[in-house]
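Given only the sequences and the hints, what does the whole structure look like? Please build it.
So the sequence shown is numbered by this note's numbering: it starts at 1 and just counts up by one.
There could be a bad hint or two in this list.
Heads up, simulated EDC-like pairs for lysine to aspartate or glutamate below, C-alpha to C-alpha not over 16 angstroms straight-line [unchecked claim]: (1) K142 / E93; (2) K142 / E181; (3) K248 / E181; (4) K234 / D217; (5) K142 / E94; (6) K248 / D182; (7) K234 / D200; (8) K248 / E204; (9) K248 / D208; (10) K142 / D182; (11) K248 / E4; (12) K234 / E201.
Read the hints as simulated data drawn from the structure, not as lab findings.
Remember, predicted model here, so these are calculated numbers, not experimental data.
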Amino acid sequence: MSFELAAPLHIFEEKETPFFTIESIARAGFRCIDFNFADWILVEDCPLRQQNWREWLEDIHNYANSLGVRFTQGHAPMYEFLRTDDPQFAFFEEMTNRSIIGSGMLGIRNLVFHCSRLPLGMEDTPDFERSAELNRRWFLEKIPLCQQSGVRIAIENHNQSNQLTGNPLRHRDFIRSLQSEDIGACLDVGHLNMVGGVPDETIELLGDRLFALHLHDNMGEKDQHTIPFLGNIKWETIVPALERINYKGEFTYETQIRFAPPSCRDTALRLLYEMGLYITGAEEENGQCAN
Numbered sequence: 001m002s003f004e005l006a007a008p009l010h011i012f013e014e015k016e017t018p019f020f021t022i023e024s025i026a027r028a029g030f031r032c033i034d035f036n037f038a039d040w041i042l043v044e045d046c047p048l049r050q051q052n053w054r055e056w057l058e059d060i061h062n063y064a065n066s067l068g069v070r071f072t073q074g075h076a077p078m079y080e081f082l083r084t085d086d087p088q089f090a091f092f093e094e095m096t097n098r099s100i101i102g103s104g105m106l107g108i109r110n111l112v113f114h115c116s117r118l119p120l121g122m123e124d125t126p127d128f129e130r131s132a133e134l135n136r137r138w139f140l141e142k143i144p145l146c147q148q149s150g151v152r153i154a155i156e157n158h159n160q161s162n163q164l165t166g167n168p169l170r171h172r173d174f175i176r177s178l179q180s181e182d183i184g185a186c187l188d189v190g191h192l193n194m195v196g197g198v199p200d201e202t203i204e205l206l207g208d209r210l211f212a213l214h215l216h217d218n219m220g221e222k223d224q225h226t227i228p229f230l231g232n233i234k235w236e237t238i239v240p241a242l243e244r245i246n247y248k249g250e251f252t253y254e255t256q257i258r259f260a261p262p263s264c265r266d267t268a269l270r271l272l273y274e275m276g277l278y279i280t281g282a283e284e285e286n287g288q289c290a291n
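Right, here's the structure in full:
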């Protein structure tokens, strides 16, 4: 089984134009891209926040198509949606709806979401049952718009064990409790490493509810988002586990190459691509790294 490699649109530290980044990603060999709505909406002059947001996304979609790449995954805005008294709640709700509609426009199948923490005053002592109940209501309300847009929800695991999805079993059970074929899991292996989880065991635990991946490395203490093999994640265990569950998604990085000077970015991106070939076994299948 072979997996398509996907790179994140926010791979550079500076907020380059998406057109520049798409071209760089395509030049490195990637044919799939993860669109990070969560980051772009934080850029004050981003068209996603303006009236012409649909036209902007259409231009991006057309440009990617012209280079032979496509968007396969996205990341919705990250905010505490259970805290409805937040002054920015309405803004983030609107941006979330735009990310769902925008994902449909870009052809994205799986849109990644985080669960929300409990409202202020309720979070001092973890109450996973109450957290699951309130989060469940919010996600179920999003299903009609997702279905209209042809988008599935992929709920990501947290990097703190005292949060609802910060434990693999709770993560799986929460997704099951939603009882929807349109809702599954995004497994962030870096977050999993921070709570002491085991990648292959967690992949098998999630099984056919695993819709998407966030792949990056760390040493288990900080959410570093480094390239593979700079941390202590056991990369050799991941692909065999994905094959055992017949995983249908892409091999999607959530790394940054912020360490690379501008003149070295193409080299760093190419290294990331070739690491993906190595990890997934495509290097061995082809006899060498693809050109």
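Okay, the hints, checked on the actual structure:
Distance check on the hinted pair: K142 and E93 sit about 11 angstroms apart at the alpha-carbon level, within 16 angstroms; holds. With a CA separation close to 13 angstroms, the supplied pair K142 and E181 stays within the 16 angstroms bound. Restraint check: the Cα-Cα separation between K248 and E181 comes to about 14 angstroms, which is no more than 16 angstroms; the hinted pair holds. Note on K234 and D217: the hinted pairing holds, with a Cα-Cα distance of about 10 angstroms set against a maximum of 16 angstroms.
Restraint check for K142 and E94: satisfied, since their Cα atoms lie roughly 12 angstroms apart, inside the 16 angstroms limit. Distance hint between K248 and D182 is fulfilled; the C-alpha atoms sit about 14 angstroms from each other, no more than 16 angstroms. For the proposed pair K234 and D200, the alpha carbon gap of about 9 angstroms is at most 16 angstroms, so the pair holds. Proximity of K248 to E204 is assessed by CA-CA distance (about 14 angstroms); at most 16 angstroms being required, the pair is judged to hold.
The straight-line distance between the Cα atoms of K248 and D208 is roughly 9 angstroms, inside the 16 angstroms bound, and the hint therefore holds. Pair hint K142 plus D182 holds up; C-alpha atoms about 10 angstroms apart against a cutoff of 16 angstroms. Of the supplied pair hints, the one linking K248 and E4 holds, its CA atoms being roughly 10 angstroms apart against a limit of 16 angstroms. A distance of roughly 12 angstroms separates the Cα atoms of K234 and E201; the hinted pair therefore holds under the 16 angstroms criterion.
Of the hints listed earlier, there is not a single one the structure fails to meet.
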